Amino acid sequence: MTEPDLIKGLIAKDSEAWKALVDQYQILVYNVCFGFLQNSHDAQDLTQDIFIEVFNSAHKFRGDSKLSTWLYRISTNRSLNFIRNNKKWRFWKELSSFFSDDESDDNPVSEEPSVLNENMEQQERSRFLYAAISNLPDNQRIAFTLHKIEDLPYAEIAEIMNVTLPAVESLMHRAKVNLRKRLTPLLK
Amino acid sequence: MNCKTFEEQILDGIDINKNPSGAKTLEEHLAQCSSCSAFQQVVQSGSESIISGRRSMNDPELFGKIQRRMLKIEREDSSTKKPVVKIFRIGAPFAMAAASVLLGIWLGGQILAFTAQPAQGTASVSTTPELYALDIHLNDESSEFIESYLSGN
Ligand SMILES: [Zn+2]
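If you're matching them up, the sequences are chains A and B in order. For the first sequence, my numbering begins at 433 and goes up steadily by one. For the second sequence, my numbering begins at 763 and goes up steadily by one.
Simulated from the structure, these hints should not be mistaken for lab results. Some clues are possibly wrong.
Where chain B lies over chain A, by a calculated footprint (3+ residues, C-beta under 8 Å) [to be verified]:
#1 554-560
#2 587-600
#3 609-617
Remember, predicted model here, so these are calculated numbers, not experimental data. Every residue gets a Cβ at the ideal spot worked out from N, C-alpha and C, and that includes glycine.
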C-alpha cells in the first residue's frame, strides 16, 4: 500500500489500512519508545497506545511531512510524557531492581565473587550513558536519541522536532557537552 | 588535542571510513590515556546496552493486541458513561421542579414589589406591566389581571 493510500485509508477508518500501518511501522515506533524508556514491557504497552492514538487522530495528519516523521514525533512525545507521568514509579522500580538478585540468574553459580563483582560493575557502568542521557533537557535528549540511537540525519530530526537545522546542530553540541560533563566525574 | 576534544569525538562515535586520520589519532591517544580509555568503554558499553533491546522483527500478534485494547477502552468508556446518563435521567425532572419553584418565588416577589409601591405615576403604571409580560412571557390573562390590579390601586 502506498503512503497516500495508507493515509486515505486511515482517515476513512479502514481496518486494512490500519493493519498495514501497524505492520509497516511497528518496529520504528517500538524502537523509539524503547530508546527512551529502556524497558521492553513499557515500550510494548506504549506502542499499542500510540497506534490507537494514530488511528483516532489520523484526520489531523496534514500530509505535509512523511508518515514516518509524524510517527517519530508522536512516539517521541508519548515516550517523554510516559517518563514524566511515571517518574515516581520508575524510581521505585529502578531501586527494587538494584536491590533484587534477579540478575544473578544470568551468572553461572561457580563464578568467583571477584568475577561477579566485575560483571556487576560492568553492568552498572553500561547504565551510566543512559542515566546521563535521561538527565539531559528534553530537546537535547530528543535530538541525541534520534541521531545516535535511531541514526536519523539532522534534517529529519529538524522536521520531527519542528526546528531549524542549525537548532538541531546546537542541541547536539550542547547534548555532547552536557554528557561529557556528567560522565567524566563518574569515571574518577 | 586535549582529552576534552577526544571525549567529544568518542561521543560523536567517530566514523573510521569518513575520517581515517582522526580515528588513528584517537586510537593512539586511547592507548596512552587511561581516562579517555575508560570514557570510551563507558560510552561503548552504554551504547550497546541501549540498543540491545531494539527489535528488528515484527510482532505478528501486535495488530490483534491493539484491536483488543481498543475494544477494552471502548467498553470501559461506555461503562463509565452509564451512571452519568442515569443521573441525567433522574436529575432532569428534579431540575425542572426546582426551576418551577424558583420561578414561582421570583414571580411572587415581583408582584409583592409592585404592591409595595402605591404612589406611582400614571405613565409608569401603564408601561411597567407591558414590559413585565414581555419579559417573563406571561399569558394574556395574567397580564390583564396585573393591569387591572394595578389600575385599581
Ligand atoms: Zn585523554
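Tested hints:
1. 554-560: This one holds; 5 residues, not fewer than the three required, reach chain B with a Cβ under 8 Å.
2. 587-600: violated (count 0)
3. 609-617: Result for this restraint: holds, n = 5.
Checked against the numbered hints given earlier, this structure breaks only hint 2.
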